[in-house]
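Q: Please construct the entire structure, taking both the sequences and the accompanying hints into account.
Each protein sequence line maps, in turn, to chains R and V. Residue 281 in this note's numbering sits at position 281 of the first sequence, with consecutive numbering throughout. Residue 87 in this note's numbering sits at position 87 of the second sequence, with consecutive numbering throughout.
Hints are supplied without guarantee of correctness; some may be wrong.
Listed next, the stretches of chain V that the computed footprint assigns to chain R, with coverage defined by at least 3 CB atoms under 8 Å from CB atoms of chain R [as the list claims (entries may be wrong)]:
#: 1; region: 70-79
#: 2; region: 96-102
#: 3; region: 223-232
DEER-style ranges, computed between Cβ atoms [unchecked claim]:
#: 4; chain 1: V; residue 1: Glu36; chain 2: R; residue 2: Glu88; range: 43 to 53 Å
#: 5; chain 1: R; residue 1: Val33; chain 2: V; residue 2: Pro122; range: 31 to 41 Å
#: 6; chain 1: V; residue 1: Gln87; chain 2: R; residue 2: Leu144; range: 44 to 54 Å
#: 7; chain 1: R; residue 1: Arg275; chain 2: V; residue 2: Arg253; range: 32 to 42 Å
#: 8; chain 1: R; residue 1: Trp57; chain 2: V; residue 2: Asp41; range: 35 to 45 Å
#: 9; chain 1: R; residue 1: Arg275; chain 2: V; residue 2: Val61; range: 38 to 48 Å
#: 10; chain 1: V; residue 1: Ser126; chain 2: R; residue 2: Ser145; range: 22 to 32 Å
#: 11; chain 1: R; residue 1: Leu144; chain 2: V; residue 2: Ala252; range: 11 to 21 Å
#: 12; chain 1: R; residue 1: Glu133; chain 2: V; residue 2: Ala252; range: 46 to 56 Å
#: 13; chain 1: V; residue 1: Gln160; chain 2: R; residue 2: Pro167; range: 20 to 30 Å
Bear in mind the hints are in silico, worked out from the structure with no lab data behind them. From a predicted model like this one, the values you see are computed outputs, not experimental measurements. Heads up, the beta-carbon is just placed ideally off N, CA and C, and yes, glycines get one too.
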Amino acid sequence: MRWGDLLGIAPFLLFAILFLIVPTVYLVIGAFVGRDGNFTLQNIVDLGTPQIISSFWISIRVSAASAIVGALLGLILALAVIRGRLPETVRSTVMTFSGVASNFAGIPLAFAFIATLGRLGLVTVILKLWPFEFDIYRHGFNLLSFWGLTITYCYFQIPLMVLIIAPAIDGLRKEWSEAASTLGATPIQFWRYIGLPVLWPNLLGTLSLLFANAFGAIATAYALTGSSLNIVPILLYAQIRGDVLNNPGLGAALALGMIVITALANVVYLVIRTRAERWLK
Amino acid sequence: MKPSKIWSWVIFALGVLYFLGPLIATIDFSLRIHREGYSLDAYRNVIQQPEFQQTLTYSLVVGVAAIIVGLLVVVPAAYFVRLRTPQLRPVIEFVTLLPLIIPPIILVFGYIRMYNSSSLLPLTNSAWGTNLLLTLAYVALALPYMYRAVDTGLRTIDVQTLTEAANILGAKTPTIIMRIILPNIIVAVLSGAFLTLAIVIGEFTIASLLNRPAFGVYMQNVGANRAFEPAALAVISFVITWVAMGMIQLLARFAPRTNARS
Chain R
1 MRWGDLLGIA
11 PFLLFAILFL
21 IVPTVYLVIG
31 AFVGRDGNFT
41 LQNIVDLGTP
51 QIISSFWISI
61 RVSAASAIVG
71 ALLGLILALA
81 VIRGRLPETV
91 RSTVMTFSGV
101 ASNFAGIPLA
111 FAFIATLGRL
121 GLVTVILKLW
131 PFEFDIYRHG
141 FNLLSFWGLT
151 ITYCYFQIPL
161 MVLIIAPAID
171 GLRKEWSEAA
181 STLGATPIQF
191 WRYIGLPVLW
201 PNLLGTLSLL
211 FANAFGAIAT
221 AYALTGSSLN
231 IVPILLYAQI
241 RGDVLNNPGL
251 GAALALGMIV
261 ITALANVVYL
271 VIRTRAERWL
281 K
Chain V
1 MKPSKIWSWV
11 IFALGVLYFL
21 GPLIATIDFS
31 LRIHREGYSL
41 DAYRNVIQQP
51 EFQQTLTYSL
61 VVGVAAIIVG
71 LLVVVPAAYF
81 VRLRTPQLRP
91 VIEFVTLLPL
101 IIPPIILVFG
111 YIRMYNSSSL
121 LPLTNSAWGT
131 NLLLTLAYVA
141 LALPYMYRAV
151 DTGLRTIDVQ
161 TLTEAANILG
171 AKTPTIIMRI
181 ILPNIIVAVL
191 SGAFLTLAIV
201 IGEFTIASLL
211 NRPAFGVYMQ
221 NVGANRAFEP
231 AALAVISFVI
241 TWVAMGMIQL
251 LARFAPRTNA
261 RS
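A: Right, dumping it as structure tokens:
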């Protein structure tokens with residue numbers, strides 16, 4: 001390695017250190033500093049208040065539900081499009097649309113679902129008419145709730161699943177299902193003993209990626225529910241804005257909690273992906 | 001038709017219903033500002049607001065700035081990793097994945113703590129400092145996509161031979177990167193740029209916490225105060241995303257189809 005080479009990489013490293021690594025580490029350290037400036041574990045202990053625990057719990061539930069539902073439906077859609085012998089144009093349309101929809105998160109997504117499933121949303125109104133005559137809001141549905149948020153998150157979770165799992169499904173060779181059926185296996189047996197076991201690591205890995213994706217998201221939930229749904233990123237947002245927890249150290253501890261959970265989910269994804277790639281070469 | 005094929009069509013149709021439903025509903029809602037029939041007034045109201053033009057322009061400028069800074073950071077690094085220091089590849093690739101692991105709200109919280117008025121580098125003290133911080137935050141958000149796009153571009157050209165040829169003709173490294181490498185991977189670079197724009201243009205969390213007049217913050221404001229205008233904004237924003245992603249698809253057709261010497 002020559003000095004000139006290092007000079008080419010220097011801007012990248014400098015940027016990464018100053019604007020990715022150090023701010024995060026600084027925040028993590030802040031979680032262990034008390035008001036007096038000394039080391040303390042009190043901030044971590046203070047995370048145990050009912051308000052914070054319940055916000056973590058609802059965040060984990062929403063993220064898990066949208067990840068599981070999104071992964072399942074995304075898998076089914078990808079299988080239908082790729083292995084269902086649909087025309088090639090269908091496949092390329094779905095992939096292009098997935099690329100767009102997986103980036104269509106944030107504030108506009110909330111607006112779109114208010115126009116769809118809100119109290120005056122198109123679907124809500126249509127379901128009230130003949131022949132359905134079904135008022136979803138009378139029957140306990142609310143867009144500004146756990147399931148409302150989950151359905152909304154699926155709008156970017158399903159396409160993300162399709163994008164990530166498609167190469168893995170392509171990796172299931174035609175020969176495998178031909179060999180299986182030659183040996184007398186039914187389609188169900190093929191999926192039970194060959195297809196799913198090969199896809200399994202990819203599925204688990206993508207599941208944890210989707211979880212992390214939903215766990216860190218805030219804009220959609222904020223535009224949808226204001227602060228009525230108490231998920232962790234919204235609590236942290238309020239804390240950064242106005243120190244609602246009355247303790248800066250506690251804000252840092254909250255951030256640490258988020259980092260730990262998303263990092264764990266991502267590590268699971270990266271580890272599983274490296275293992276899964278061995279099969280699909 | 002075989003039953004499995006029928007099922008595939010059914011699943012596809014249900015997917016179309018779920019994904020087109022909200023789009024149709026949003027367009028429908030955005031046109032219903034008056035009780036009697038459809039009208040484009042919601043769009044007119046939005047577009048005529050000075051805040052709409054100001055914030056959209058602001059976000060576009062910050063987005064373009066983020067793309068330029070991002071390229072200055074990413075292209076030399078990707079070039080040197082490919083050409084001379086492949087042993088650094090795992091480190092660099094891990095770093096480019098960090099923005100996917102660290103949620104944006106954590107990133108901006110770290111910035112606010114680290115670059116506040118009482119720190120060594122008080123960027124949040126001035127408007128231009130905060131604008132710079134927002135730009136750099138967007139560079140960080142776009143890093144995974146930008147790096148991958150540039151690296152994919154470099155894979156399709158013969159970096160080694162091009163560099164050697166330019167060296168023999170007396171070109172220095174900055175000239176090689178600017179005038180040989182960059183024009184050769186321009187398609188990949190542009191698709192990374194459009195993806196960055198699509199991600200950044202409606203970004204809310206970071207801009208809002210840095211108190212910047214960005215398009216995402218404006219949209220949130222409208223959403224909290226109006227009924228039909230948000231739907232119009234959602235349609236506009238979807239069109240912007242669609243155009244940016246469409247450009248990427250279009251550019252892919254012009255990508256060079258040569259292979260690196262192996």
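Q: Against this structure, judge whether each hint is valid.
A: Status of each hint after checking the structure:
Coverage of the region 70-79 of chain V by chain R holds [criterion: at least 3 residues with CB-CB distance below 8 Å; count 6]. By the rule of at least three residues with a Cβ nearer than 8 Å to a Cβ of chain R, the coverage given for the region 96-102 of chain V holds, with 6 such residues. Proximity of the region 223-232 of chain V to chain R, defined as three or more residues with a beta carbon under 8 Å from a beta carbon of that chain, is established by the 4 residues found. Our hint of 43 to 53 Å for glutamate 36 of chain V and glutamate 88 of chain R holds, since their Cβ atoms are close to 45 Å apart.
Between valine 33 of chain R and proline 122 of chain V the beta carbons are some 20 Å apart, a value that contradicts the proposed interval 31 to 41 Å. The beta-carbon spacing between glutamine 87 of chain V and leucine 144 of chain R, approximately 52 Å, falls within the hinted interval of 44 to 54 Å. Range check, arginine 275 of chain R to arginine 253 of chain V: Cβ separation about 35 Å, and the 32 to 42 Å hint holds. Look at tryptophan 57 of chain R against aspartate 41 of chain V: about 44 Å separates their beta carbons, and that is inside 35 to 45 Å.
Separation of arginine 275 of chain R from valine 61 of chain V is about 44 Å and conforms to the stated range, judged on CB atoms against 38 to 48 Å. Taking 22 to 32 Å as the suggested C-beta distance range, the pair serine 126 of chain V and serine 145 of chain R does not conform, at roughly 42 Å. Distance hint for leucine 144 of chain R and alanine 252 of chain V: a CB-CB separation of about 40 Å, inconsistent with the stated range 11 to 21 Å. For glutamate 133 of chain R paired with alanine 252 of chain V, a C-beta distance near 48 Å keeps the hint of 46 to 56 Å intact.
The hinted range of 20 to 30 Å is satisfied by glutamine 160 of chain V and proline 167 of chain R, whose Cβ atoms lie roughly 28 Å apart.
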